[in-house]
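S.K.: These are the residues of each chain, in order.
2 protein chains.
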Amino acid sequence: MSKELIFGHSNPDTDAIVAAKAYSYLQNKLGYDTEAVALGEPNPETQFVLNYFDEATPRVISEASSEVDSVMLVDHNEAQQSVSDIDKLTVTHVIDHHRIDNFRTDLPLYYRAEPVGCTSTILTKMFDENKVEIPAQLAGLMLSAIVSDTLLLKSPTTTDDDKIAVKALAEIADIDVDKYGIEMLKAGTNTDAKSDQE
Amino acid sequence: MSKELIFGHSNPDTDAIVAAKAYSYLQNKLGYDTEAVALGEPNPETQFVLNYFDEATPRVISEASSEVDSVMLVDHNEAQQSVSDIDKLTVTHVIDHHRIDNFRTDLPLYYRAEPVGCTSTILTKMFDENKVEIPAQLAGLMLSAIVSDTLLLKSPTTTDDDKIAVKALAEIADIDVDKYGIEMLKAGTNTDAKSDQE
Ligand SMILES: [Mn+2]
Ligand SMILES: [Mn+2]
Ligand SMILES: [Mn+2]
Ligand SMILES: [Mn+2]
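Chains as they are written, first to last, in this note's numbering: chain A, 4 to 201; chain B, 4 to 201.
Derived from the structure by calculation, the hints contain no laboratory data.
Source: prediction; values computed, not measured.
Honestly, I wouldn't trust all of these hints.
No copy labels: a pair is met if it fits in one copy or bridges any two.
[Stated by the list, open to error] When the alpha-carbon atoms are kept at most 30 Å apart in a straight line, the in silico DSSO-like pairs for lysine-lysine are as follows:
#1 Lys166 - Lys6
#2 Lys32 - Lys6
#3 Lys170 - Lys6
#4 Lys166 - Lys189
#5 Lys170 - Lys91
Throw the hints in and build the complete structure from the sequences for me.
M.R.: This is the structure in structure tokens:
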């Protein structure tokens with residue numbers, strides 16, 4: 004099986020960066036050869052999260068077809084939010100929580116979308132379904148993505164699935180969600196540089 | 004929750020008819036109010052299957068927006084294969100095993116596609132994941148759909164998931180797959196009327 008890249012949307016938010024890392028970890032455990040990359044530098048909130056959990060900043064790419072034939076998308080599907088040369092690539096997997104638009108394939112693929120608050124919520128379920136344990140550090144990242152997308156489970160897009168995922172991830176990461184979450188959201192609002200993709 | 008219709012593609016094959024019935028059964032168990040309908044009369048193979056398992060022929064519709072606001076699609080996603088007034092409807096769920104093309108939504112939705120041989124294979128997994136038992140009669144229908152789409156697990160689109168599903172469904176339905184499958188496939192080839200959508 005040849006290597007595939009996994010990435011979230013351009014102007015990445017915390018979910019776009021984290022969901023790529025989480026899905027790459029899961030897929031590699033399941034036998035795929037993947038690398039999580041990003042379509043832009045982390046915003047201040049995401050950089051706070053990566054620092055907090057001592058996680059490396061992902062490699063930023065501007066095109067993918069020079070290094071791989073196939074890719075997996077997380078946290079987006081619309082071509083205009085994706086890598087610049089998406090038309091030259093085969094999309095084999097998509098994990099997302101947005102509407103579907105301006106997306107097409109030539110071949111059957113794995114596509115999983117659920118109308119929940121965050122891609123990392125879907126991924127939390129997928130680790131469980133595949134009986135793959137989430138490492139504590141990754142659980143912290145995924146919890147951060149859900150807190151970011153749902154504004155501490157307060158946004159109108161928040162579902163029961165998001166709440167259940169945050170509870171499970173907080174236990175694995177041993178995090179006080181409210182205390183950590185407010186610190187994290189403040190890190191993202193301390194500057195004008197915050198991306199506002201979602 | 005208001006009622007939704009579930010249907011497969013026009014010119015329905017056995018999977019299009021059966022997957023609608025199976026998904027409607029599952030969704031109703033999970034609390035939805037759905038009715039499985041069809042976008043055309045069953046072909047001779049499908050009629051053989053419905054007769055064999057003493058299952059009612061689904062109601063045929065030509066448009067849906069006069070009776071519901073929302074629909075769930077199985078075994079297709081492309082607008083030109085769907086109900087005539089698909090643009091006036093909200094698609095809330097899709098279960099499919101084809102490429103994605105000419106499909107878009109305004110809102111987030113539940114979309115599950117896997118590159119396997121048959122929609123009924125995905126549905127077999129979903130019953131298991133949701134811990135809903137498949138009645139023997141429905142298992143016979145779902146097995147028939149997989150046998151139909153994969154030509155008795157011999158087509159190049161056949162995956163391990165299809166084989167696992169057929170084995171599980173054959174046990175529930177208490178069916179000799181090879182013997183029954185050949186009889187079923189013959190029923191479909193005894194006439195020129197067989198649809199050839201896939
Ligand atoms: Mn995002
Ligand atoms: Mn997101
Ligand atoms: Mn079909
Ligand atoms: Mn099919």
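S.K.: State for each hint whether it applies.
M.R.: Hints and how they fare:
no., hint, verdict
1, Lys166 - Lys6, "between (34 Å within a copy, 27 Å between copies)"
2, Lys32 - Lys6, "within (14 Å within a copy, 41 Å between copies)"
3, Lys170 - Lys6, "neither (33 Å within a copy, 33 Å between copies)"
4, Lys166 - Lys189, "within (21 Å within a copy, 52 Å between copies)"
5, Lys170 - Lys91, "neither (40 Å within a copy, 39 Å between copies)"
Checked against the numbered hints given earlier, the structure breaks hints 3 and 5 and satisfies all the rest.
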